[in-house]
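Make a model of the complete structure from these sequences and hints.
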Amino acid sequence: MADNNKNTVVYRLCGKIDSGNAPQIEQEIFTALAGRGDVLPVLDAEALEYISSAGLRIILRLKKSCGDVKITNANSDIYEILEMTGFTEIMQVEKAYRKVSVEGCDVVGEGQNGKVYRVDRDNVVKVYKNADALEDIKHEREMAKLALILGIPTAISYDVVKVGESYGSMFELLDARSFSNILAKEPERIDECVYEYVKILKKLHSTHVPEGKLPRLKERVVKAASYTKDQLPEGLGDKLMRMIEAIPETDTLIHGDCHTKNIVMTGEEVMLIDMDTLSVGHPIFEFMRMYNSYIGYSEYDPQVLEDFQGYPAETARVFWKKTLCAYFGTDDEDVINSIEEKIRCVSYAYLIDWSRRHKAAETERGRLTCELWKKRITELIPRLDSLDFEVNEATRDDPNELTLEAEKDNLTRVLEFLDRRLESCDLPPKAQMQLDLAVEEIFINIASYAYSPNKGKATVRVEVTGDPVTVTITFIDRGVPYDPLKKTDPDVTLSADDREIGGLGIFLAKKIMDDISYEYKNGQNILRLKKKI
Amino acid sequence: MTINKQKNENGLLISLEGRLDTTTSPALEQELKASLDGVDSLVLDFEKLDYISSAGLRVLLSAQKTMNKQGEMKIKNVNETILEIFEVTGFNDILTIE
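In the order they appear, the protein sequences are chains E and C. Our numbering numbers the first residue of the first sequence as 9 and each following residue consecutively. Our numbering numbers the first residue of the second sequence as 30 and each following residue consecutively.
Accuracy of the hints is not assured; some may be wrong.
If you only want the chain C side, here are some residues facing chain E, beta carbon under 10 Å, derived [said to hold, decoys possible]: (1) A84; (2) T110; (3) G119; (4) I123.
Distance ranges between label pairs, derived from CB positions [to be verified]: (5) E:K207 with C:N33: 45 to 53 Å; (6) C:N97 with E:E194: 47 to 55 Å; (7) C:K77 with E:G275: 41 to 49 Å; (8) C:K77 with E:L182: 44 to 52 Å; (9) C:N97 with E:P461: 28 to 36 Å; (10) C:N33 with E:I509: 19 to 27 Å; (11) E:T478 with C:Q99: 43 to 51 Å; (12) E:G275 with C:E101: 48 to 56 Å; (13) C:N97 with E:D475: 45 to 53 Å; (14) E:D497 with C:N33: 33 to 41 Å.
Here are the simulated SDA-like pairs of lysine to any residue, each with C-alpha atoms no more than 25 Å apart in a straight line [to be verified]: (15) C:K77 with C:E109; (16) E:K519 with C:T52; (17) E:K193 with E:G464; (18) E:K367 with E:F316; (19) E:K193 with E:R129; (20) E:K538 with C:T110; (21) E:K539 with E:Q440; (22) E:K495 with C:V117; (23) E:K71 with E:E34; (24) E:K463 with C:T53; (25) E:K210 with E:R185; (26) E:K540 with C:E113; (27) E:K416 with C:K62; (28) E:K494 with C:R87; (29) E:K211 with E:L154; (30) E:K518 with C:V117; (31) E:K540 with C:F115; (32) C:K77 with C:I43; (33) C:K105 with E:G510; (34) C:K103 with C:D66; (35) C:K62 with E:G510; (36) C:K77 with E:D427; (37) E:K438 with C:E127; (38) E:K539 with C:E116; (39) C:K94 with C:L57; (40) E:K538 with C:E113.
Hint data in this document are derived by calculation from the structure and do not stem from the laboratory. We put the CB at the ideal spot given by N, CA and C, even for glycine.
Below you can see the structure in the form of structure tokens.
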């Protein structure tokens, strides 16, 4: 049963090892080793399905008797047992890597380190470019774990596999579809994508990270800029450095490669993938990487973008602009342009160095692209005084707003939110009750119909303005377009027997409130209710 | 919401306390469904009821329809805010409010 090598003795473990067969197996192993002198026993676990503590004790005794022991081809179950019991710490344990083929599989994501393929409906594999990727895989897994703990929706790999000569990590992602794929195939869903994208960006940028857990992206940009500054006309380089160094340090999360290939929709949930670039710092550095992805790299030749993302460069530009507007909460072109100029300035500082690091100027296209970046940054620097922008306004948690699943069971949460929000206003009990009623009717209506038979989210916004005190409650959902004001009012003069059961909710809300208006905008039903107290 | 029930021969008195809304009205609906058999006089006491929404109104309308076939239904001790809801929805004409 044993295969012998020169300095090692390989013994194959098969099936199940428990207290029933452990003594016999132990005897076999020691018999195989007998008289061989100083050898390293190697236990090949390829065919091992299960090992109990009786089996583990054999391995310990073997290690004691021979000084060391090595286990190879441990499948994930066996590896987990060995990891849990601390065996992986005291001896060499090599995992068995399952082989996975990605031939003919769709690419659902792509990052700096590799491509993500969907292998079947529920599973994707990220194949690493680097042949010796085990360290990268470990790093990314740690980053993903950290992100998850911090509340960022992401996937954590459950297995490491071999894909041809490369390593891959497996993720469970139900029905995963990248935003790139959605934008390429269903461009009309752009507003929905922007909405989800901005939501996740804001979540990232308002998440604080404990000191020392993640690299500071600013350090890398400062390093890049210290090369770029020498490529610029007299005086501009120093100003650039000063402005970049003055960007405030923050302890907030940055994905670091947050473009549409790295954000996926899986059923109802939106997730970020490719977490290996996770960092901390001012959101401008996130926007810098985003600008590079959508415009920067392809600024000279838009085809570069289309080849990478699968949708036209024009879509990328529109998506980028809409993202800025939604993130900063304004459609004001001057405001958006001024923010964008700051982002672009940081982007070019980074890209010009990138071009050097990747020897991009060796191709004609690369050289011309870099020339264009230099021209642009040379125009920008004199116009700018600071690269900081107000993000506090854009990222703070808004106490006037609550977003949650539009489900009947959440009514209590909505009403509690409303009461909390109105607590300090000291409203008369009757007015309070009427507002409760209107909110209940509208929320239940959204919960019942907006996404039926699917599920989705609703946002409730409560604003109070003074003199006379006016409460404005806004409901936003992304369900089917529906204007409740178009619904005919029930005939309230009919007798009990002639009246239909139901249909009173919206009518009541209309009667109680002073003003209700509806609009459908950017894929959202927006219903605004006002009441003067 | 608390539902208190008192049965007296063919009469049934139900006193409600709290809020009759989307969350609580199914309980009242169940209760009525289970108890209205053979009842010819239903009285609902709203003295301690603070709130009613359209979900509650549905249950009242449905009870009224049932009672129209087998007897009578009255609602007593309705507070001013709830009365206003009844008026806005025309329920004051359908229901017998004391």
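Quick rundown of the hints versus the structure:
no., hint, in the structure
1, A84, "holds, 7 Å"
2, T110, "holds, 5 Å"
3, G119, "holds, 3 Å"
4, I123, "holds, 4 Å"
5, E:K207 with C:N33: 45 to 53 Å, "holds, 46 Å"
6, C:N97 with E:E194: 47 to 55 Å, "holds, 53 Å"
7, C:K77 with E:G275: 41 to 49 Å, "holds, 45 Å"
8, C:K77 with E:L182: 44 to 52 Å, "holds, 48 Å"
9, C:N97 with E:P461: 28 to 36 Å, "holds, 35 Å"
10, C:N33 with E:I509: 19 to 27 Å, "holds, 25 Å"
11, E:T478 with C:Q99: 43 to 51 Å, "holds, 48 Å"
12, E:G275 with C:E101: 48 to 56 Å, "holds, 52 Å"
13, C:N97 with E:D475: 45 to 53 Å, "holds, 49 Å"
14, E:D497 with C:N33: 33 to 41 Å, "holds, 35 Å"
15, C:K77 with C:E109, "holds, 12 Å"
16, E:K519 with C:T52, "holds, 22 Å"
17, E:K193 with E:G464, "holds, 22 Å"
18, E:K367 with E:F316, "holds, 19 Å"
19, E:K193 with E:R129, "holds, 19 Å"
20, E:K538 with C:T110, "holds, 19 Å"
21, E:K539 with E:Q440, "holds, 11 Å"
22, E:K495 with C:V117, "holds, 17 Å"
23, E:K71 with E:E34, "holds, 12 Å"
24, E:K463 with C:T53, "holds, 23 Å"
25, E:K210 with E:R185, "holds, 21 Å"
26, E:K540 with C:E113, "holds, 18 Å"
27, E:K416 with C:K62, "holds, 22 Å"
28, E:K494 with C:R87, "holds, 22 Å"
29, E:K211 with E:L154, "holds, 15 Å"
30, E:K518 with C:V117, "holds, 10 Å"
31, E:K540 with C:F115, "holds, 22 Å"
32, C:K77 with C:I43, "holds, 11 Å"
33, C:K105 with E:G510, "holds, 23 Å"
34, C:K103 with C:D66, "holds, 17 Å"
35, C:K62 with E:G510, "holds, 18 Å"
36, C:K77 with E:D427, "holds, 20 Å"
37, E:K438 with C:E127, "holds, 21 Å"
38, E:K539 with C:E116, "holds, 19 Å"
39, C:K94 with C:L57, "holds, 15 Å"
40, E:K538 with C:E113, "holds, 19 Å"
The structure fails none of the hints (numbered hints given earlier).
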